[in-house]
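K.L.:
Given these sequences and hints, build the entire structure.
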Amino acid sequence: MTAFLECSNIHKYFGGLSALTDVSFSLPQGEILGIIGPNGAGKTTLFNVIAGSLKPNRGAVRFKGSDITGFGPDRICRLGISRTYQLVRPFGSLTALENALVGVSFGRSELPPRSDRIGQAMKALAFVGLETKAYQKAQELTLVDKKHLEIARALATNPEIILLDEVVSGLTPTECTKIIETIREIQRRGITVIMIEHVLKVVMELCRTVMVLNYGSLIARGSPAAVVSDPLVIEAYLGNAEVAEGGHA
Amino acid sequence: MTADLIQLLAGGILLGGIYGLAAFGLSVSFGVLNVLNLAHGEFLMLGSLLSYCAFVHLGMNPFVSAVAVIPVFTAVGVVFFLVFLRPLAEKPPHELLVASILVTLGASLAIEDLTAFFWERPVTGIDYSLAPLEAGGVVISLVRLLILLFICGLAAALQVYLRRTFTGRAIRAITQCREGAKVVGIPISGVSALTFGLGVALAASAGVFYVTLFTVTPVMGIPLTVKYLCVVVLGGLGSLVGSVVGGLILGLAEALTAYYVGAEWSPCIAFILLLTILIIRPQGLFGTES
Amino acid sequence: MTLVGRRKLVLAGLFTAAVILAAMPWLMVSYAMVWLFLFAVYLTLAVSYDIVGGHMGYMNLGHSTFFGIGAYATAILLNKGLGLIPALVASAVIVAAFAAAVSYPLFRLRGAYFALGTFGLISLMGVLSTNLRDLTGGSGGISTPPGDHSLPAYYLALVVAAGTIALNRWLARSRFGLALFSIREDEEVARAFGVPTTLYKCATLVISAVPASLIGGIYVWNVTYISPSAVFGLEIALSPIVMAMLGGTGTIMGPFLGVVFLTLVQEVLWTQVPYLHLTMYGAIMVLVGLFMPGGLVRTPLLQPIVRRFTAADAGKHLPALGLSESREVS
Chain A
7 MTAFLECSNI HKYFGGLSAL TDVSFSLPQG EILGIIGPNG AGKTTLFNVI AGSLKPNRGA
67 VRFKGSDITG FGPDRICRLG ISRTYQLVRP FGSLTALENA LVGVSFGRSE LPPRSDRIGQ
127 AMKALAFVGL ETKAYQKAQE LTLVDKKHLE IARALATNPE IILLDEVVSG LTPTECTKII
187 ETIREIQRRG ITVIMIEHVL KVVMELCRTV MVLNYGSLIA RGSPAAVVSD PLVIEAYLGN
247 AEVAEGGHA
Chain Z
115 MTADLIQLLA GGILLGGIYG LAAFGLSVSF GVLNVLNLAH GEFLMLGSLL SYCAFVHLGM
175 NPFVSAVAVI PVFTAVGVVF FLVFLRPLAE KPPHELLVAS ILVTLGASLA IEDLTAFFWE
235 RPVTGIDYSL APLEAGGVVI SLVRLLILLF ICGLAAALQV YLRRTFTGRA IRAITQCREG
295 AKVVGIPISG VSALTFGLGV ALAASAGVFY VTLFTVTPVM GIPLTVKYLC VVVLGGLGSL
355 VGSVVGGLIL GLAEALTAYY VGAEWSPCIA FILLLTILII RPQGLFGTES
Chain Y
6 MTLVGRRKLV LAGLFTAAVI LAAMPWLMVS YAMVWLFLFA VYLTLAVSYD IVGGHMGYMN
66 LGHSTFFGIG AYATAILLNK GLGLIPALVA SAVIVAAFAA AVSYPLFRLR GAYFALGTFG
126 LISLMGVLST NLRDLTGGSG GISTPPGDHS LPAYYLALVV AAGTIALNRW LARSRFGLAL
186 FSIREDEEVA RAFGVPTTLY KCATLVISAV PASLIGGIYV WNVTYISPSA VFGLEIALSP
246 IVMAMLGGTG TIMGPFLGVV FLTLVQEVLW TQVPYLHLTM YGAIMVLVGL FMPGGLVRTP
306 LLQPIVRRFT AADAGKHLPA LGLSESREVS
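Chains as they are written, first to last, in our numbering: chain A, 7 to 255; chain Z, 115 to 404; chain Y, 6 to 335.
Check the hints yourself; a few may be wrong.
[Said to hold, decoys possible] Here are the computed distance ranges between Cβ atoms for each label pair: (1) A:Gly125 - Z:Glu204: 52 to 60 Å; (2) Y:Thr304 - A:Thr138: 24 to 32 Å; (3) Z:Trp379 - Y:Gly145: 12 to 20 Å.
Since the hints were made in silico from the structure, they are not lab data. Nothing here was measured: the structure is a model prediction, and the numbers come from that model. Quick reminder that beta carbons are idealized off the backbone N, C-alpha and C, glycines included.
P.N.:
Given below as structure tokens:
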């Protein structure tokens, strides 16, 4: 059975610096995969390679059996993989609705008819609870709303895989719980989720599988409990005794 | 014919050195301020005219002017920064772009127009010569040699400044990561003002040399700034070596074009080079992939 | 003001303006016609500039090259015996091809570098038109077949100007316009959400070039003479852009306001003080840049009026696909 998403032997260098070294993994459809690792481990670089904004120096990315390595990010979005950003990047002076509308109008494999588009954008906003703020400029929203907008915009493209890059960073515990619920709902709708996270509580609660990156290499993969007690992983987070207790990574 | 060619190339190299020096000033300012100073070419022009006045009225030797000009124009640059650029500092990126282009281009026009209005002669040049040297049957102008050495010296001094002094390192820090520099306590505003002044002083210094070799007119500023852009893009942003190499390429290209094709075509060559490098290697010769 | 009430007011206003403009040649001295012709030229250039500069966020300071090349191409074709309309169309095609060709290298520049790079195009064209004497008549320029075309040129110019404003408005409300705004806000992210940025940037530049080319052709047909300094000079290059920015870049009303304001100022000031025009331009640019880079339309003074006009749209009525003025740059 061909894997839904597959990365084979991904290498990415920046000049002399190796950001990703021989990273390989595959993912079945409907999975919730968590990616953890110390800062600078290459997690966002991996996202960039999958989403198409970076080309790997070596290796391949395959989606539903076809090779998508080196495709432009716009093409990959239309094929069904969309993403959020660690430091939120909304279209600031556009309204929340227009932000989602960009996803609807350009990010889908099939453009919905004109009369449908605004409705579809509204649906995406409603999914994250932003429909009451649809006409507010994105830059005027609070941080947690901006994070929700990132998700709404990504969902507006009808993705099959969604890449979430540290969605809960900077949020209070209550806000965090709300987003966890949203992510669960995303997964219930059949969308495959890959999430980069530092907050272990979130990873433990949501993810079925966890991958650990350190200095650009994959050092562990398994269930959250197994990974967290792996001595290699603990050593990677050297000195952080809280890891074993399920605190912050 | 070969002697002609050598003279030509020598002139091109010299011109290139001048371009490179001024362009580096522009590039370093941009790195620190995130604002491209479209009035940069005007400062070369002003440096030229000031040097001319110093030469004609005070009998000041251009080499002395080139040094004297540095503190004077650093001050001018700092004032320019404080009046025109600091108010723009904390604006969001798109507004900053529009505002900075309006302000620097507007300042450029005003400087140019006012200078043209008050400066009676449309075209100016200094005739400064020392006894030429003879080496291996080729006549080398001593002036040109000294200028070349001076520019090299200045470039070397710059390198040392950027690497060794506190301010130099602060400049590089801000260029690499503005937020980080703030966190570490570097006074962004102060360093920015100084950097801008330094960039302006380099342009003026280049101007002093320029007027001893070529003629100067008050309206040369804007096409000159475009040439700096070509140099910076050719060489790669932020790289001193890149600016120097880019400048040399441009200088040589202009000299060769003037000789083989015709002097009226050499203003075009900068832009053609720009388009070419953008097509074949957009990050410049020494730039890195972003 | 209700939506329907506002619509009626705007339509009434437009109708009245159209009647006055059409009757102008018979109402007043011919000077008004000349002045309005130039006004239409500046308006076309300012609005077409703003499609790329305001909506898409790429300040194409070299916009007037489309005007100049269109003018030269039309002049040359007219001299070869072509009629006006074929000459205008052919010139537009040439300019469109030129825009497409330069978009490839120039769009690799961003922000201020793009602005400076496109600005360089102007002096390049100036040098080319001076040097290619056989084609362009050199610095002396060329004349086109003589004749008094001031009346038809006047109407044509008004039509082109109105058409450009309509184009601008239609674009802003279309799906294409949404893509342009997203490119302006964050090009990399726009691309990540499916916008074909390279294609759209090129297409937009070409779209902005066509009105400029047309008005350039009409200009040279009317004036019956063209030279490098007339069409590639600094003033014609910068005035429409300054007008657009003064009025409010990225909005529908902004460029129009800016053109009105500056042409009036020019009328008053230029005649009183016959020198230092560029300095005054420069000073205006510096002041606008320092104190109101968003333009007149966004100043606190005019905001309440603007809001009264757009309030009916915000949050309630969303015409077709577009979302009206709520999408303008803040």
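K.L.:
For the range 12 to 20 Å, tell me whether the beta carbons of Trp379 (chain Z) and Gly145 (chain Y) fit it or not.
P.N.:
holds (19 Å)
K.L.:
I want to verify a distance hint. Is the separation of the beta carbons of Gly125 (chain A) and Glu204 (chain Z) within 52 to 60 Å?
P.N.:
Given about 39 Å between the Cβ atoms, the range is violated.
K.L.:
Range hint 24 to 32 Å: satisfied by the CB atoms of Thr304 (chain Y) and Thr138 (chain A)?
P.N.:
Roughly 30 Å apart at Cβ, these two residues keep to the hinted range, so it holds.
Hint compliance for this structure: hint 1 is the single one not met.
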